[in-house]
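As given, the protein sequences belong to chains A and B, one line each in that order. With UniProt numbering as the guide, the letters of the first sequence map in order to residues 1 to 301. With UniProt numbering as the guide, the letters of the second sequence map in order to residues 1 to 317.
No lab work stands behind these hints: they were computed from the structure. No residue lacks a Cβ here, since even glycine has one placed at the ideal position from N, Cα and C. Hints are not guaranteed to be accurate.
No farther apart than 30 Å at their CA atoms in a straight line, the calculated lysine-lysine pairs in the BS3-like style are these [to be verified]:
id, chain 1, residue 1, chain 2, residue 2
1, A, K79, B, K218
2, B, K218, A, K150
3, A, K241, A, K7
4, A, K79, A, K7
5, B, K218, A, K241
6, A, K128, A, K150
7, A, K60, B, K218
Residues from chain A that keep clear of chain B, each with C-beta distances beyond 10 Å, as calculated [as the list claims (entries may be wrong)]:
id, residue
8, G68
9, K128
10, T189
11, E236
12, L256
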Amino acid sequence: MPLLDVKDLSVTFARRGQRTVRAVDGVSFSVEAGEVVGLVGESGCGKSVTSLALMGLLPKQRGVTVGGSAMFGDTDLLKTDERTMRDIRGRDVAMIFQDPLSSLNPVVPIGVQVTEVLARHRGLTGAKATAEAADLLNRVGIPDPTRRLKEYPHQLSGGMRQRALIAMAVACAPKLLIADEPTTALDVTIQAQILELLRDLVRDSGTALVMITHDLGVVAGMCDTVNVLYAGRVVESARRKPLFAEPRHPYTTGLLGSVPRLDSGKGAAARDPRFGAGRPAVAGRVRVRPALRPPCRRLCR
Amino acid sequence: MSTKTDKIDALGELSAVKQDEHGVSLWTEAFRRVRRNPSALVGMAILVLFVLVAIIGPLLAPYSPTDTMGIREGVIRPGSIPGPSAEHWLGYDHQGRDQFSRLLVGARQTLLVGIVSTLIGLTVGALIGGVAGAAAGLGGRVGRAVDSVLMRIVDMLLALPSLLLAVSIAALLGASLTTVMIAVGVVSVPVFARLLRGAMVAQSGGDYVLAATSLGVKRSRIALTHILPNSLAPVIVQATLTLATAIIEAAALSFLGLGNPDTSTPEWGLMLADAQPYLDGRPGLAIFPAVGIIITALGFTLLGEALREALDPKLRK
Numbered sequence: 001m002p003l004l005d006v007k008d009l010s011v012t013f014a015r016r017g018q019r020t021v022r023a024v025d026g027v028s029f030s031v032e033a034g035e036v037v038g039l040v041g042e043s044g045c046g047k048s049v050t051s052l053a054l055m056g057l058l059p060k061q062r063g064v065t066v067g068g069s070a071m072f073g074d075t076d077l078l079k080t081d082e083r084t085m086r087d088i089r090g091r092d093v094a095m096i097f098q099d100p101l102s103s104l105n106p107v108v109p110i111g112v113q114v115t116e117v118l119a120r121h122r123g124l125t126g127a128k129a130t131a132e133a134a135d136l137l138n139r140v141g142i143p144d145p146t147r148r149l150k151e152y153p154h155q156l157s158g159g160m161r162q163r164a165l166i167a168m169a170v171a172c173a174p175k176l177l178i179a180d181e182p183t184t185a186l187d188v189t190i191q192a193q194i195l196e197l198l199r200d201l202v203r204d205s206g207t208a209l210v211m212i213t214h215d216l217g218v219v220a221g222m223c224d225t226v227n228v229l230y231a232g233r234v235v236e237s238a239r240r241k242p243l244f245a246e247p248r249h250p251y252t253t254g255l256l257g258s259v260p261r262l263d264s265g266k267g268a269a270a271r272d273p274r275f276g277a278g279r280p281a282v283a284g285r286v287r288v289r290p291a292l293r294p295p296c297r298r299l300c301r
Numbered sequence: 001m002s003t004k005t006d007k008i009d010a011l012g013e014l015s016a017v018k019q020d021e022h023g024v025s026l027w028t029e030a031f032r033r034v035r036r037n038p039s040a041l042v043g044m045a046i047l048v049l050f051v052l053v054a055i056i057g058p059l060l061a062p063y064s065p066t067d068t069m070g071i072r073e074g075v076i077r078p079g080s081i082p083g084p085s086a087e088h089w090l091g092y093d094h095q096g097r098d099q100f101s102r103l104l105v106g107a108r109q110t111l112l113v114g115i116v117s118t119l120i121g122l123t124v125g126a127l128i129g130g131v132a133g134a135a136a137g138l139g140g141r142v143g144r145a146v147d148s149v150l151m152r153i154v155d156m157l158l159a160l161p162s163l164l165l166a167v168s169i170a171a172l173l174g175a176s177l178t179t180v181m182i183a184v185g186v187v188s189v190p191v192f193a194r195l196l197r198g199a200m201v202a203q204s205g206g207d208y209v210l211a212a213t214s215l216g217v218k219r220s221r222i223a224l225t226h227i228l229p230n231s232l233a234p235v236i237v238q239a240t241l242t243l244a245t246a247i248i249e250a251a252a253l254s255f256l257g258l259g260n261p262d263t264s265t266p267e268w269g270l271m272l273a274d275a276q277p278y279l280d281g282r283p284g285l286a287i288f289p290a291v292g293i294i295i296t297a298l299g300f301t302l303l304g305e306a307l308r309e310a311l312d313p314k315l316r317k
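Please construct the entire structure, taking both the sequences and the accompanying hints into account.
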């Protein structure tokens, strides 16, 4: 039985006077304990909305509808009431966000932000909590943790901020960690360090990791299983190696082909007949799906 | 912004050594910026002078502010109030009291009224705004209802012209110094409430609130340790600016005769009111307390604006 089993997840946003947007449309995937699962796709394909839906963090307003199921053990994360969700968040399932600066409270020292998680889920307070927080910072590779605990987010470098956020996320040894583009806001050398840290943490603690990214390099380096999302749907789901060796869906081919290469020259991907030469490149946004001709060269068959 | 961050990053190790034990909070940095702002320095100089006078004014005063010596000495006659002289720098007032002494002693009550009434407005307003803001930002459907009710009450207060509201409160409670403080305070309640509520609602959408929620932190704690401290900056700025208007409004209420019924105790607004019949012959009687009020209000305003600049992240260079 998988640790997390997402079945037919759908999220729609309805707004009066505007067309209903189906951001996630029947997404299914599962995560085994200790496994690293990638959710890959371009901006707007529903990666982040999927993660927010799993965490129960989508705004609870009229117009936001979440369907399907996400079994985590015996609980359905999508149907659990808010009170139980608050206990689950941070303790069993935790999340790492994209922008480490804005995800930390600017006016509160790092230490307070780390210890509040420890106090909430592990009942640690006072000196014990501080010692544990320092230990956590140490584990995520922040040097001189005792001093850093007293500092404010703006005094830390970008990489260190993300490390601090990771420390908060793994503070209670969650069974499942969701990382939503954890390296996008960081520069390349720091990206590599953060990915290595995540890989080590996951290996040492047996935490399962859902890695949300648009970066195929990250996928190649980390994930056991990969789900390719496009326009709110999983278009291909495969183990890592077969995905890169023989992608089945044309969109996956396109995604792989969109990685710039030194030898391919400018615009090579756009001219490549394999993923629809002459079609305007999908730049940053998926158009409404019914209106979109599938970018499939096999369509004429 | 980015160059500054780069510098902080580059100097991270270096500055960290200097800071030894404590981190530099955004507040510490804001005060550093205030100190570098020339108009803030002018404002603070004015305020220091004003507070000093308020504290030790009675000791500096050459005469008793209630001694009607001009009448006793027979220099005050209908239509003739002696102006400035070597003995009486600002002359006598209409009851033959030394104007300069009254100005010095009056500073204390003026400051007291300003501070107390601002504190009343700040406390009550922040309480209402804080509850409404937290409820609106985190409380779901029930929270939004609580917020609506509180804010409609505040809207009703705001709909009344402030001076009219103050006059009705003063009329209701009877003329006294406490009344003036309460009236002026109540008038500023809606301003603080709306400001804090708005800031808190805006902050509730912040990434760090989402991040804290994703870690299971309780809503009450998120409201108190995360949202509230991030929403205080505009409220503090407003408090400084309100001090200025509170002094002017208190003066206006005194001027209308709704202030301290013991008219022998000097207060700038009251002195202004007393000077009214003599504007033709002795404009100085009105000008000096008015200048006092204006300069003090200017001091608070300068400081408030500097604080606003220092705390506004958008203006940070």
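Here is what the structure says about each hint:
The straight-line distance between the Cα atoms of A:K79 and B:K218 is roughly 20 Å, inside the 30 Å bound, and the hint therefore holds. A hinted pair counts as satisfied when its Cα atoms are at most 30 Å apart, and B:K218 with A:K150 qualifies at roughly 22 Å. For the proposed pair A:K241 and A:K7, the alpha carbon gap of about 24 Å is at most 30 Å, so the pair holds. Taking the CA atoms of A:K79 and A:K7, the gap is about 13 Å. The hint holds against a cut of 30 Å.
For the suggested pair B:K218 and A:K241, the alpha carbons sit about 42 Å apart, so the restraint of at most 30 Å is broken. Restraint check: the Cα-Cα separation between A:K128 and A:K150 comes to about 16 Å, which is no more than 30 Å; the hinted pair holds. At roughly 17 Å between alpha-carbon atoms, A:K60 and B:K218 fall within 30 Å of each other, so this suggested pair holds. The claim that A:G68 is not at the interface with chain B holds, since no C-beta of that chain comes within 10 Å of its own (minimum 20 Å).
Against chain B, the non-interface label of A:K128 holds: every CB pair exceeds 10 Å, the least being about 19 Å. Every CB of chain B lies more than 10 Å from the CB of A:T189, the least distance being 13 Å, so the non-interface label holds. Residue-level check passed: A:E236 sits 28 Å from the nearest beta carbon of chain B, beyond 10 Å. Residue placement check: A:L256 keeps its beta carbon more than 10 Å from all beta carbons of chain B (closest about 31 Å).
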